[in-house]
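Here is how the chains run, residue by residue.
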Amino acid sequence: MFTCTLKNETYQFRSIADVLAKASEEKSGDKMAGIAAGSSLERMAAKVGLSEITLKEIYENPVIPYEMDEVTRIIYDDLNLFIYKEIANWSVGELRDYILSHQTSTSDLFRISRGLTSEMISAAAKLMSSIDLVIASQKIRPTAHCNTTIGEPGRLAFRCQPNHPIDNPEGILASMKEGLSYGSGDAVIGVNPNNDSVESVSRILHMTHDFIQKWEIPTQNCVLAHITTQMHALKKGAPIALMFQSLAGTQEANDDFGVSKDILDEAFQLMATQGTSTGPNQLYFETGQGSEVSLDAHLGIDMQTLEARTYGYARHWKPFMVNNVSGFIGPETIYDGKQVIRADLEDLFMGKMHGLPMGIAPTYTNHMQADQNDQEIAGMLTALAGANFYMGVPGGDDVMLSYQDTSYHDDASLREMLGLRPLREFEIWLEKMGIMENGKLTERAGDLSIFK
Amino acid sequence: MDIQTIVKQVMEELQKEGQIKSKPMAKESAETEESNVRNIIYEKIKQVGVEQPANREEIEKAQSITPARIGIGHTGTRMKTKNYLEFRIDHAAAQDAVFKDVSEDLLKELKLPLLFSKSETMDQYLMDLDSGRQLNETSRKWAAENLPKNKQVQIIVSDGLSSTGVEANIRDLLPALVQGLKSKKITIGDPVFIKRSRVWIQDDVASIVNCDCVISLIGERPGLATAKSISAYLIYQPNEDTVEADRTVISNIHEGGVPPVEAGAHLADLIEAILKHKASGVKLAQLK
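As they're listed, the protein sequences go chains A and B.
Note that my numbering has the first sequence beginning at 1, numbered continuously upward.
Note that my numbering has the second sequence beginning at 453, numbered continuously upward.
Note that these hints are calculated values from the structure, not bench results.
Hints are not guaranteed to be accurate.
What the hints assert, rightly or not - List time: in silico SDA-like cross-link candidates among lysine to any residue, alpha-carbon distance up to 20 Å:
no., chain 1, residue 1, chain 2, residue 2
1, A, Lys261, B, Gln738
2, A, Lys338, A, Ile131
3, B, Lys532, A, Glu376
My request is simple: use the sequences and hints to build the entire structure.
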């Protein structure tokens, strides 16, 4: 379908999907799927080819046909055709130049994003370097409101993630107090349950809700069980401020997750009528490159493009938070620190370009070639790029999910090194509690025993 | 409080904090270079790192009910040296746990037949998921010829990503599970151990032995606090339409999580429910 000649060598590409896959920076998951570029020059030939392809060609060739995939349908049905037609003849190279231009305002970017399919956004990201991705991400600042407002300039939020290996309520509470005492928890107090039963999930929801009420904390609670379990709990009267679900970029992978448009529509409606929070944004999605490959549901599409499609799907339900956890799966998708850092920057840009309030969880597992240094670099770069939030895990070590994520200490550090403040409502609360003064932690901070 | 009492308290506190001990090596010769060598012994001790806490006992109590790294305090916004080094040491240990093998002696002791997936090396296992999801030809043939067929339950033990998890828990977990099933009069085939295997290999095994429910006891990828953890994945009659949401999973089986003996009994109850409702995973959760 396309050829590109480079240094006296001609490279052939079968389809848009093929060019997209081969233009991707190196990732082990694309290699495992057998779709990655075979050499560095083939990768460059794909990038050159991609830069010449028009948005119209991409529009007319969705990587997965409309008829066979719900994700494609949502992306196309939600598209603003008026705006799309204005830019249909642009090449991907021109789209990249437009995004980076000084003449292009934040508002311009929000506007064209309504006329871009996810594949177009993925394509532009493939022509970008690390600084490109950071500069572009800084320009786009989507906000959302649940009980707190997330995404305002100069503010950085954190999810307090007080997991416990067997959901011991006292243990969860202890880690939660610890996190709050470091100023973590303005995005959400979100617990990953070990036991996914309705009873257990409801118990944690009640406990976190009661604590938030008692200490008058401006935030929201969430238990990250399967969405159907949470709906069940909500119908039985459990207090939910934010409802969670993991999403992927193909219908097949979403089937594997046990989630669909119908279920998400029902959850959205249920939260509007029975959720405890102000809204209008009451959903929390988790995404990340590689889930489709690890479920063998990638249909020959590269990880980065599938991640973009996940955002195209997610934006339909106007979430309060989208958390990217590329790096959570393992070396078969993201091999090492270098691949994680690249994926984090790509995902932050692509999510923001979809108008989503993005957070990043720079994570690593113990069976991949990455360590704390790589993770901290990814955290600093994405914070510079304007991520809305990070996870807050005690000491960076999640004792339930067995992986490493940003710690309460990292959270406080990122704020202080970039001069960022907690979310407005939450900062007032921290000052009232004596945990923070003028944007800096006080001597009282880090002492969980102040909650008595 | 007088000054002497304060000094005494501070001295006691400092002694308690002796996490990294160092002592001069016994003098064996008069040579000065030799006598300057120090032996440093690292020991992991949980202690309150918060400076002047509002309530020290409260923090100690909190530290005793969770393995999470809490009550550790800070220097500026960062972790103190000993907590930072402890974290890095635990990460190093977890990385090492991935690449160790389960001992042959344990398999002999448990009388488990040893089967193999298609992964020939650890690197292939980590990077090529499919290779860990199917038995290799030799094992497949052996299983077809030797394993009992048409039982209600087939048990698989997998090293997964933590052979240390299998070594630490399977001696207690497996007998407790088998006993629980027997007391419920549920029929069981011969449990097997499959080296370098992933969860989905249970679908392959089910197609050979034709059982109703397969349970995989598999080493979890190691965490920092829990390098020795096992997960149990259960599925009712897997086939080509099976999806991830059809699997029921119980994770964190280890002494600091769900203790293995307790987990065995719980899993037997769960299998009983799966057989009764003829479903597992999200479907089972909705029926229950």
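Structure-based check of all given hints:
no., hint, result
1, Lys261/A / Gln738/B, "19 Å, holds"
2, Lys338/A / Ile131/A, "15 Å, holds"
3, Lys532/B / Glu376/A, "16 Å, holds"
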